[in-house]
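K.L.:
Note that the protein sequences, when read in sequence, are chains C and P. Read in order, the letters of the first sequence are residues 13 to 595 in our numbering. Read in order, the letters of the second sequence are residues 13 to 595 in our numbering.
To be clear, the hints were calculated from the coordinates, so they are not data collected in a lab. The model shown is predicted, which means the values in this text are computed figures rather than measured ones. Treat each hint with caution, since some may be false.
Chain copies aren't distinguished; within one or between two, either way the pair holds.
[Claimed, not checked] Derived pair list, reagent style DSSO-like, types lysine-lysine, alpha-carbon separation capped at 27 Å:
#1 LYS149 / LYS501
#2 LYS476 / LYS463
#3 LYS25 / LYS222
#4 LYS274 / LYS149
Number of protein chains: 2
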Amino acid sequence: MYRSHTCGELNLKNQGQTVTLSGWVQNLREFGKLTFLDLRDRYGITQVVFNAEENQALYEKAHELGREFVVQVTGLVKERENKNLNIPTGEIEIIASEFSILNSSEIPPFTIIDDTDGSEELRMRYRYLDIRRNPLKDKLIFRHKVAQLFRQYLSQEGFIEVETPVLIKSTPEGARDFVVPSRVNPGQFFALPQSPQTFKQLLMVGGLDKYFQIVKCFRDEDLRADRQPEFTQVDCEMSFVEQEDILQVFELATKFIVKETKGIDLGTFPRMTYEHAMNTYGNDKPDIRFGMEFCELNELVKGKDFAIFDSAELVVGIKVEGASEWTRKQIDEWTDYVKTPQVGATGLIWAKYNLDGTLTSSVNKFYSEEDLKKWSEKFKAKAGDLMLILAGEAKKVRPQLSALRMAIAEKLGLRKADEFAPLWVVDFPLLDWDEESGRYHAMHHPFTAPKPEDQALLETDPLKVRANAYDLVLNGNEVAGGSVRIYDKNLQSKMFNLLGFSQEEAEAQFGFLMNAFKFGAPPHAGIAFGFDRFVSILGGSETIRDYIAFPKNNSARDIMIDAPSRLDDKQLDELALKVITNR
Amino acid sequence: MYRSHTCGELNLKNQGQTVTLSGWVQNLREFGKLTFLDLRDRYGITQVVFNAEENQALYEKAHELGREFVVQVTGLVKERENKNLNIPTGEIEIIASEFSILNSSEIPPFTIIDDTDGSEELRMRYRYLDIRRNPLKDKLIFRHKVAQLFRQYLSQEGFIEVETPVLIKSTPEGARDFVVPSRVNPGQFFALPQSPQTFKQLLMVGGLDKYFQIVKCFRDEDLRADRQPEFTQVDCEMSFVEQEDILQVFELATKFIVKETKGIDLGTFPRMTYEHAMNTYGNDKPDIRFGMEFCELNELVKGKDFAIFDSAELVVGIKVEGASEWTRKQIDEWTDYVKTPQVGATGLIWAKYNLDGTLTSSVNKFYSEEDLKKWSEKFKAKAGDLMLILAGEAKKVRPQLSALRMAIAEKLGLRKADEFAPLWVVDFPLLDWDEESGRYHAMHHPFTAPKPEDQALLETDPLKVRANAYDLVLNGNEVAGGSVRIYDKNLQSKMFNLLGFSQEEAEAQFGFLMNAFKFGAPPHAGIAFGFDRFVSILGGSETIRDYIAFPKNNSARDIMIDAPSRLDDKQLDELALKVITNR
Numbered sequence: 013m014y015r016s017h018t019c020g021e022l023n024l025k026n027q028g029q030t031v032t033l034s035g036w037v038q039n040l041r042e043f044g045k046l047t048f049l050d051l052r053d054r055y056g057i058t059q060v061v062f063n064a065e066e067n068q069a070l071y072e073k074a075h076e077l078g079r080e081f082v083v084q085v086t087g088l089v090k091e092r093e094n095k096n097l098n099i100p101t102g103e104i105e106i107i108a109s110e111f112s113i114l115n116s117s118e119i120p121p122f123t124i125i126d127d128t129d130g131s132e133e134l135r136m137r138y139r140y141l142d143i144r145r146n147p148l149k150d151k152l153i154f155r156h157k158v159a160q161l162f163r164q165y166l167s168q169e170g171f172i173e174v175e176t177p178v179l180i181k182s183t184p185e186g187a188r189d190f191v192v193p194s195r196v197n198p199g200q201f202f203a204l205p206q207s208p209q210t211f212k213q214l215l216m217v218g219g220l221d222k223y224f225q226i227v228k229c230f231r232d233e234d235l236r237a238d239r240q241p242e243f244t245q246v247d248c249e250m251s252f253v254e255q256e257d258i259l260q261v262f263e264l265a266t267k268f269i270v271k272e273t274k275g276i277d278l279g280t281f282p283r284m285t286y287e288h289a290m291n292t293y294g295n296d297k298p299d300i301r302f303g304m305e306f307c308e309l310n311e312l313v314k315g316k317d318f319a320i321f322d323s324a325e326l327v328v329g330i331k332v333e334g335a336s337e338w339t340r341k342q343i344d345e346w347t348d349y350v351k352t353p354q355v356g357a358t359g360l361i362w363a364k365y366n367l368d369g370t371l372t373s374s375v376n377k378f379y380s381e382e383d384l385k386k387w388s389e390k391f392k393a394k395a396g397d398l399m400l401i402l403a404g405e406a407k408k409v410r411p412q413l414s415a416l417r418m419a420i421a422e423k424l425g426l427r428k429a430d431e432f433a434p435l436w437v438v439d440f441p442l443l444d445w446d447e448e449s450g451r452y453h454a455m456h457h458p459f460t461a462p463k464p465e466d467q468a469l470l471e472t473d474p475l476k477v478r479a480n481a482y483d484l485v486l487n488g489n490e491v492a493g494g495s496v497r498i499y500d501k502n503l504q505s506k507m508f509n510l511l512g513f514s515q516e517e518a519e520a521q522f523g524f525l526m527n528a529f530k531f532g533a534p535p536h537a538g539i540a541f542g543f544d545r546f547v548s549i550l551g552g553s554e555t556i557r558d559y560i561a562f563p564k565n566n567s568a569r570d571i572m573i574d575a576p577s578r579l580d581d582k583q584l585d586e587l588a589l590k591v592i593t594n595r
Numbered sequence: 013m014y015r016s017h018t019c020g021e022l023n024l025k026n027q028g029q030t031v032t033l034s035g036w037v038q039n040l041r042e043f044g045k046l047t048f049l050d051l052r053d054r055y056g057i058t059q060v061v062f063n064a065e066e067n068q069a070l071y072e073k074a075h076e077l078g079r080e081f082v083v084q085v086t087g088l089v090k091e092r093e094n095k096n097l098n099i100p101t102g103e104i105e106i107i108a109s110e111f112s113i114l115n116s117s118e119i120p121p122f123t124i125i126d127d128t129d130g131s132e133e134l135r136m137r138y139r140y141l142d143i144r145r146n147p148l149k150d151k152l153i154f155r156h157k158v159a160q161l162f163r164q165y166l167s168q169e170g171f172i173e174v175e176t177p178v179l180i181k182s183t184p185e186g187a188r189d190f191v192v193p194s195r196v197n198p199g200q201f202f203a204l205p206q207s208p209q210t211f212k213q214l215l216m217v218g219g220l221d222k223y224f225q226i227v228k229c230f231r232d233e234d235l236r237a238d239r240q241p242e243f244t245q246v247d248c249e250m251s252f253v254e255q256e257d258i259l260q261v262f263e264l265a266t267k268f269i270v271k272e273t274k275g276i277d278l279g280t281f282p283r284m285t286y287e288h289a290m291n292t293y294g295n296d297k298p299d300i301r302f303g304m305e306f307c308e309l310n311e312l313v314k315g316k317d318f319a320i321f322d323s324a325e326l327v328v329g330i331k332v333e334g335a336s337e338w339t340r341k342q343i344d345e346w347t348d349y350v351k352t353p354q355v356g357a358t359g360l361i362w363a364k365y366n367l368d369g370t371l372t373s374s375v376n377k378f379y380s381e382e383d384l385k386k387w388s389e390k391f392k393a394k395a396g397d398l399m400l401i402l403a404g405e406a407k408k409v410r411p412q413l414s415a416l417r418m419a420i421a422e423k424l425g426l427r428k429a430d431e432f433a434p435l436w437v438v439d440f441p442l443l444d445w446d447e448e449s450g451r452y453h454a455m456h457h458p459f460t461a462p463k464p465e466d467q468a469l470l471e472t473d474p475l476k477v478r479a480n481a482y483d484l485v486l487n488g489n490e491v492a493g494g495s496v497r498i499y500d501k502n503l504q505s506k507m508f509n510l511l512g513f514s515q516e517e518a519e520a521q522f523g524f525l526m527n528a529f530k531f532g533a534p535p536h537a538g539i540a541f542g543f544d545r546f547v548s549i550l551g552g553s554e555t556i557r558d559y560i561a562f563p564k565n566n567s568a569r570d571i572m573i574d575a576p577s578r579l580d581d582k583q584l585d586e587l588a589l590k591v592i593t594n595r
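Chain C on its own, in the form it takes in the complex:
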């Protein structure tokens, strides 16, 4: 028996007991003839005392200890003189009567404390040491808790967790697959799933009307910051349901989890169409913890000889409340921001509704105070507010203004980590047009059903067709997305055709699904939560890496284990593969 208690549970009630603890040396302090050892495990820290006057040999042996040594200590629980009321064990200490060193430790490359000195690179290389720190450990435990709650809720609602295969079939459509060569079938490959989409639809055809799975998915993308090649989804599907059923079930699931983990009652989630979100926030995943909705000025600003506005498809701005006092320098910084390549605007126009009631702007030459007054009415601005305006092509200027809105909110502290603003975005377009390939792309995926009332437009104006597709947005992040699926084989066939699949391609890639649809597919719909993202936002962070035990870095490498790596020639040979080196 290595321990009778953990390092997080002893208190005054245990006074007088002889206990055994095991853990790591957090800290050692000398005070004359006393050595104080802070012993740490997953559950907390307990102070251990070695007293030279009581046990000289033990006291001396304690000098062999160093930080992160693994130690087993036996001793008497005693009330402390100098109590530390910040920790649960702070009223007691252990007077050591025995101890043994279970393992030694080299000096760790960074300190195992909440605010560590280690760089992210260093901490990823020694991830197992980083996990000893409370912040990371607590995040992993939080993730576990959220997963448990999800499973508990869905199971109670009659959902069945079904494991779908990981070794599946590659489909050139969509993002790039990771592939797995088959040794037994030389020259053939499995793919790792980007999602269990087709399998969950087959389960619906199979009559399992409520499915879920918390499941690893894989996407071989060129990495952007905070994207992982392997990620976790809470994947769900239901039969004999409409969009409304899905929204209700998963709104309740989300409310349950937030209530259980954060103690917050989220209330009914607002809903917004895709079109409204794009027009009002320039973004299909608006952060609605704060205002700064878009205000379109086209009808007020045209024809005043200001070429930039006159030539613009869209003139649109946001109002920053109480910011009329911002200095020229402050506004210039935002102008510089919108001109950065990642935002890509050419300039920023401002207008102030000053506290004294006057109105001024960066385009005074073209617009009178009376003009500005009309602007401010459109903005519903009041004295003290600042209006920031961008102009240009609508589909460029909206994301630019969205970026500005988010950056200002971030700066002003309006994106509060402990405030949660969920939102359903609905009525996404079914298709968009990809200039590069000169063909339609499915906005969600090729299995998404058009709205019945828009179905006729598929023939005449496909881009106008809205889908029964929906996203759950939380604090400006898409945390879940889904759709009502096509379950009619003819409509599915038409869809593949519209997306530029030849009959042969559709058959080769999705023949099994089309075939399944011949045998009585029920109406069905589903949703998938991006679990890494969902957990990190609930945890108050937008860095998903912190919520993954062993993440890859931004080059898709695991720098701790040093993977990927080269194979033996023998392994390659067995797989009938040759690496091409002279590309």
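Please arrange chain P on chain C, whose structure you already have, making use of the hints.
P.N.:
Okay, now just chain P, sitting in the frame of chain C:
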């Protein structure tokens, strides 16, 4: 809204209600002016009646229906005249007032009934139809339930489920890895985990002292019947524990699951050393639902001029109670059985303790009735029993006799699917000797700790070293296995050395673990349940395929989706790979 109720819940209490059901056409029957439709969903079957006298149009429309059509029906719940008390809904029927065909169906390739006419091949190709059948559907739901219970129990015990990576590093040691080429790092590969072994040990180094994960693992083996290239483990690890702690925690977990799912209290699990299991059952995973323990006869049979026994290293038999009346033909069948190539014995000796008290044998020429009397005493045989005896090299004859024991038990119905006999097998050897490669192999894996009391033997007689390794056996199947781990870097290093790793190889493959051991690794131990096998045995079957939603066939192919398959040249090119075709 597609339905107000499911097809499994209506009964006399719902009489007079107007309800809407959705489901599949199980069956259609005509009786004069009435059409009876059995409507099926996941929850059951409800009888729907179309009455020509009440609604001629609807009655006629019902003739469009065929088996497996998807239908929505609205109607009144009425008490049935001919009640079917075998099903929960059998006292009522729905008098249809409205219905619509949600989807049609071609005639399915096999009938969707419990005892279907489909071959296994056909049912795997149309797995989504097979899942509509109760036997398969119920097994998937049972699997879900066992997974939920496992998670519930371990979470309550303070275990944290941590997701470890799927894209890891290939290690030539052990079974073959599936590998994943990295596009971003041309010529380099990830491997899919055979188990999260090293990661869970790193989590222990990271201070998370109770870890579990229900996780997919992968092994590129030449398939044997009922092995899957991807399989699921309940993977567990604990810190500051000894073997005894692990056995207790996971015995309780297993008891909990069996109690909750089967209502059976298993009691305390017996324990047996590896040596005892091998000597008594010829097998390290004995089925102890029945007896037929091995009885060694060496000291009784030698020196009687029977060359086969005289030259044998081991003469060993089993007693079949009440089988003395077996005919010559029956015994010959077992002789043929032990001579099959998969068993590989050269012959079978028998001796009967006849009901009249006489003793006879197939070796009467060499052994007198008095000799046979002594045998029967050793066997503790009584009148009416049959003794079956094999002779030869010990390490061959034990598995042969084990096979015979199992086959006879199967034939006699002693392997009862609803009886559960758990058993801990402990004290496995640390190493065995691989003739082919001429070196030691780790019996469990290279991270398993030798028993401290045997550690000195590592230098002098490594094959004598016992490990702190253990298996949980259930009904003759290994359902879980684990060990106490090495946590000392020097011992781990010595172990790699003993297993024939050069320092460089050990460093290249397991450097990250050796490195982690420098920073205060705690004592730790773990276990992993083969979840597919565990669930299938609990479910009363030994066919794991039935408990996997979408299994691969015996050639490691998914014949439903037709995977693996060839890649586009473009995909291969991006991966810097070429398939070698002229091998």
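K.L.:
Which hint numbers does the structure go against, in order from smallest to largest?
P.N.:
Of the numbered hints, all hold.
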